[in-house]
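Q: Chain by chain, the residues run as shown.
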Amino acid sequence: EDQVTQSPEALRLQEGESSSLNCSYTVSGLRGLFWYRQDPGKGPEFLFTLYSAGEEKEKERLKATLTKKESFLHITAPKPEDSATYLCAVQVGGGGNKLTFGTGTQLKVEL
Amino acid sequence: GAVVSQHPSWVICKSGTSVKIECRSLDFQATTMFWYRQFPKQSLMLMATSNEGSKATYEQGVEKDKFLINHASLTLSTLTVTSAHPEDSSFYICSARGQRDSYNEQFFGPGTRLTVL
Chain V
1 EDQVTQSPEA
11 LRLQEGESSS
21 LNCSYTVSGL
31 RGLFWYRQDP
41 GKGPEFLFTL
51 YSAGEEKEKE
61 RLKATLTKKE
71 SFLHITAPKP
81 EDSATYLCAV
91 QVGGGGNKLT
101 FGTGTQLKVE
111 L
Chain H
1001 GAVVSQHPSW
1011 VICKSGTSVK
1021 IECRSLDFQA
1031 TTMFWYRQFP
1041 KQSLMLMATS
1051 NEGSKATYEQ
1061 GVEKDKFLIN
1071 HASLTLSTLT
1081 VTSAHPEDSS
1091 FYICSARGQR
1101 DSYNEQFFGP
1111 GTRLTVL
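Each protein sequence line maps, in turn, to chains V and H.
For reference, each letter of the first sequence is one residue, going 1 to 111 in the numbering used here.
For reference, each letter of the second sequence is one residue, going 1001 to 1117 in the numbering used here.
Hints are not guaranteed to be accurate.
Some, not all, of what chain H presents toward chain V, calculated at C-beta under 8 Å [claimed, not checked]:
hint : residue
1    : T1032
2    : Q1042
3    : G1111
Here are the computed lysine-lysine pairs in the DSS-like style, where the Cα-Cα straight-line distance is at most 25 Å [to be verified]:
hint : chain 1 : residue 1 : chain 2 : residue 2
4    : V       : K108      : V       : K42
5    : V       : K98       : V       : K57
6    : V       : K68       : V       : K108
7    : V       : K108      : V       : K59
8    : V       : K42       : V       : K68
9    : H       : K1055     : V       : K108
10   : V       : K79       : H       : K1014
11   : V       : K57       : V       : K79
12   : V       : K57       : V       : K69
13   : H       : K1066     : V       : K98
14   : H       : K1014     : V       : K108
15   : V       : K98       : H       : K1014
16   : V       : K42       : V       : K59
17   : H       : K1014     : H       : K1064
18   : H       : K1014     : H       : K1055
19   : V       : K98       : H       : K1020
20   : H       : K1020     : V       : K42
21   : V       : K42       : V       : K63
22   : H       : K1020     : H       : K1064
23   : V       : K57       : V       : K68
24   : V       : K79       : V       : K68
25   : V       : K42       : H       : K1041
26   : H       : K1041     : V       : K98
27   : H       : K1055     : V       : K98
28   : V       : K79       : V       : K98
29   : V       : K69       : V       : K42
I should point out that these hints are in silico values taken from the structure, not numbers from a laboratory.
These numbers come from a predicted model, not from an experiment.
Glycine is no exception: its CB is placed at the ideal position from the N, C-alpha and C atoms.
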């Protein structure tokens, strides 16, 4: 069974304090790994898709990386507006286009 | 681009009534739409996948007679919760995947908060 585990469950950072969120996965035939941001009471907002080990993508203060077993979302010099729940999801070959989500990391960035 | 809307954003209904939620892709044609449910402090759980013009595929444990899905056009899918009960209260979110350059991504709607009294 495909499994996606995110850690930590919650993370509190000071503004400017860089850190990384982890997404570990056990799947058969990864087709893509997705990162989303979700604000309270809203739908997830797409951030990145990674397709193969070694791939990296960046957007503003966020950088996502992928290995054969896990993905990291690095947050550089975060700001309070980066506070949100960050979700990762996997898509496997032969599973149609459906996504299996992890439980998320709730990030709070304080002044 | 890649905007998905949902209506209503929230709904309160009495137990035993039915509720319809609409999901629209506003600036692209969605060949596939997905419906998720999210309980407080939990992640998204896929309920069903619908392809335009064909029957929806439901995940294990999801009652297809209770959660009716229609995907009649490339821009609209509806989820009807029939004979709703308090345990159906949840945050329902749809997503859409279309024929774009970034064809593999799913774009999510803002969600619908359902409360069944």
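Q: Taking 25 Å as the top limit, are the C-alpha atoms of H:K1014 and H:K1064 close enough?
A: holds, 21 Å
Q: Quick check on H:G1111 please, does its C-beta sit within 8 Å of some C-beta on chain V?
A: holds, 5 Å
Q: For the pair we were handed, H:K1014 and V:K108, check the Cα-Cα distance against 25 Å.
A: Between H:K1014 and V:K108 the Cα gap is close to 36 Å, so the pair fails against 25 Å, i.e. violated.
Q: Quick one, are H:K1041 and V:K98 close enough, alpha carbons at most 25 Å?
A: holds, 21 Å
Q: Decide if the proposed pair is consistent with the structure: V:K79 and V:K98, CA atoms, cutoff 25 Å inclusive.
A: Roughly 32 Å separates the two Cα atoms, so the pair is violated.
Q: Take the C-alpha atoms of V:K42 and V:K68, compute the straight-line distance between them, and say whether it is at most 25 Å.
A: Distance ~31 Å between V:K42 and V:K68 Cα, so the pair is violated.
Q: Next pair to validate is V:K79 with H:K1014; report whether the Cα-Cα distance is within 25 Å.
A: violated, 42 Å
Q: Given the proposed pairing of H:K1020 with V:K42, does the C-alpha separation stay at or below 25 Å?
A: holds, 19 Å
Q: Are V:K79 and V:K68 close enough, with their CA atoms no more than 25 Å apart?
A: violated, 30 Å
Q: CA of V:K98 to CA of H:K1014, is that 25 Å or under?
A: violated, 32 Å
Q: Please verify whether V:K98 and V:K57 have alpha carbons no more than 25 Å apart.
A: holds, 22 Å
Q: Hey, H:K1066 versus V:K98, does the alpha-carbon distance stay inside 25 Å?
A: The hint holds at about 21 Å.
This entry does not satisfy hints 6, 8, 9, 10, 14, 15, 18, 24, 28, 29, going by the numbered hints stated previously.
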